[in-house]
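> These protein sequences, in sequence, are chains A and B. Counting in the working numbering, the first sequence runs from 1 upward without gaps. Counting in the working numbering, the second sequence runs from 1001 upward without gaps.
I should point out that these hints are in silico values taken from the structure, not numbers from a laboratory. Worth double-checking, as some hints may not be accurate.
Said to hold, decoys possible - DSSO-like mimics (lysine-lysine), calculated; alpha carbons at most 27 Å apart, straight line:
no., chain 1, residue 1, chain 2, residue 2
1, A, K209, B, K1080
2, A, K229, A, K162
3, A, K215, B, K1216
4, A, K207, B, K1080
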Amino acid sequence: MNIITLSIITLAVIGAIAALILYAIAQRFKVEEDPRIDQVESLLPGANCGGCGKAGCRNFAESCIKATSLEGMLCPVGGNAVMKQIAGILGMEAVEAAPRVAVVRCNGSCDNRPRTNIYEGASSCAIAHTLYAGNTGCAYGCLGCGDCVSVCSLGAITIDPKTQLPVVDIDKCGGCGACARACPRNIIEVRKKGVKGRGVYVACMNKEKGGVARKACNTACIGCSKCAKECSFDAITISNNLSYIDSDKCKMCRKCVDVCPTGAILAVNFPPKKVTTPAATEPATTPTPEESNK
Amino acid sequence: MKTFKIGGVHPHENKLTAGYHITTAPLPQQAIILLSQHIGAPAQCVVEKGAHVKVGTLLAQANGFVSANIHSPVSGVVSKIDSVVDGSGYAKPAIYINVEGDEWEDSIDRSNTLVKECNLDAKAIIDKIAQMGIVGIGGATFPTQVKLMPPPNMKPEVLIINAVECEPYLTNDHALMLEKADEIMVGVEILMKAIHVTKAYIGIEINKPDAIDLLKEKSLEHQGIEIVPLQCKYPQGGEKQLIDAIINRQVASGALPVSTGAVVQNVATAYAVYEAVQKNKPLIERVVTVTGKSLQNPGNFLSRIGASLSLLIEAAGGLPEDTGKIVLGGPMMGRATANIEAPTGKGTSGILILTDDEAHRPDASPCIRCAKCVAACPMGLEPYLLSKVVAMGNYDVAESHHIYDCIECGCCSFSCPANRPLLDYIRHGKGKVMAIMRARNANDKK
């Protein structure tokens, strides 16, 4: 017989036997899987960001199927819309959760926080953080190497070349918190997302005493606690010379923004304030560099 | 010529201040003494604000097994106990002393007479060393008494004195050997007595022929001390490399160096031990090399611990205009600092002022897999691989490739033709992997 024909027949026979064995094994050890897992997974964004607290989207889908109620289960990226669809598939009640968004709690732009040296090491915040306090006088502020940018699977964070600070695109951000975990200085926080992305927060992490913090950065929180006294909702706490606004308690009245002497509290995505007095037209109360250098 | 077997590089020596005499640096107006000047737990402050202290008064007590006492390097009044921004830019707890005069504790023998006889037994010597706050002042600042008390199953056979000074630019140990040879020899004998050995080797690189000749001459008067000239190769001053070079034994991965039977101490530590045991003098001052190509008056300065960097730089002629980088320590392992008001500590061996031309790192380009870093690594690691897996966050792979064995000598970054910041990544990954290993060990114990 022709050697080629013989080879083809031999291979075909081996193939057929192997297929039979594989089929038999597949039948014998078949794992019954809930078809709803695939359905749920196909609804999820597939970014595997871990923002839900699970190992990935499939793991989250499996947990949803096992759960008796969807309370506390949230895909931060897909949001309530996706959770509603999942609830529909599983025949459970959807639990509304407030959308969340990442905020960068540092406003130490090149203007506000003068650079004191040049960093030439490996371009990673985690590395720069272990090496030294950074290229400014502030040991708590943003290092600007962009660890948060590289971990964001949604492309929601970019470094502004002018300020050297990360900027969160509130439309893209799913609030998964990957950036917050990547930041070695804990500057990024995932907070409640207000209507139209509005938010009021302290854009500073400096725990030094007021004078020291202010020397390093014009818009540092000096822990003067004016904001805490002004707040009617008990949302502001001061510890370690640093103010913190609880986003769950904050009613976004923005009184604290007006009293902050350094402009450390930012109110973002609000429409411009109505002009009542000329002084109120100033955006926040950031002093000009000339003033603060005195 | 003896040297270690794996890897190593030979950077330009640039020993600008070789052969310079030790000059005494001026007393600072204010001394700032960090509570953590050693590896291990920070010392516990035992003085209060307003207390009057003399030179040698105990300021802070060792807080744990691996920790060290800290004594006042100046006399004056404790003005505050607060934090200070150190060389890294981070705030660390420290004691501030406003200097008034220069009054020493009565117990300290300030004369220059050589005290040869030491009648203390081993335990008393070690206690004295611990009491005087001696740490390894070659740079690692490991508390000396801990190294002299190895685990009971490991018996020291020889003492190795590290007088290699393989870091470019630094000449503080060299200067000390030339001026304090007799004291060093007595210090070595005391250390030998403390660990019950009869043999000591002093390893010196051959770029210091005057020190080799002088110590050889002095060693004739002392039994069991042998001077070993070594080929110039960095990082020969590394503990594991020095053991390999001198007694041809290798420290196993993860094992203590003493497992080879060798205890290694720096030559300046031997001098500090002499002063502590024979003269009752705590570790309150050390020789610091202040050097740099455009520095007006570089030199080896005997400086009180707690003086600011700026005081020493001023003593060396002030900060030159073309300064590009200030490095604490040598150029290979030292760390750049942006704060010249930072205080010096027990581990400050040198202040290196690089000019703007020398200071900058060239831009990194992609790895070309030339394996120069592999050839240079004295620990036999694969730096190109480690840096890559750390950058990707694969710490388990980094661990399986022994990242924890890295001694952070910088040979990999130095040898890389693509100028990749290999050590930056590896050092970061080493920290992460060690933390993971510690957490796992703690978990296993539960």
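> Please go over all the hints and tell whether each is borne out by the structure.
Structure-based check of all given hints:
no. : hint              : in the structure
1   : A/K209 to B/K1080 : 15 Å, holds
2   : A/K229 to A/K162  : 35 Å, violated
3   : A/K215 to B/K1216 : 55 Å, violated
4   : A/K207 to B/K1080 : 20 Å, holds
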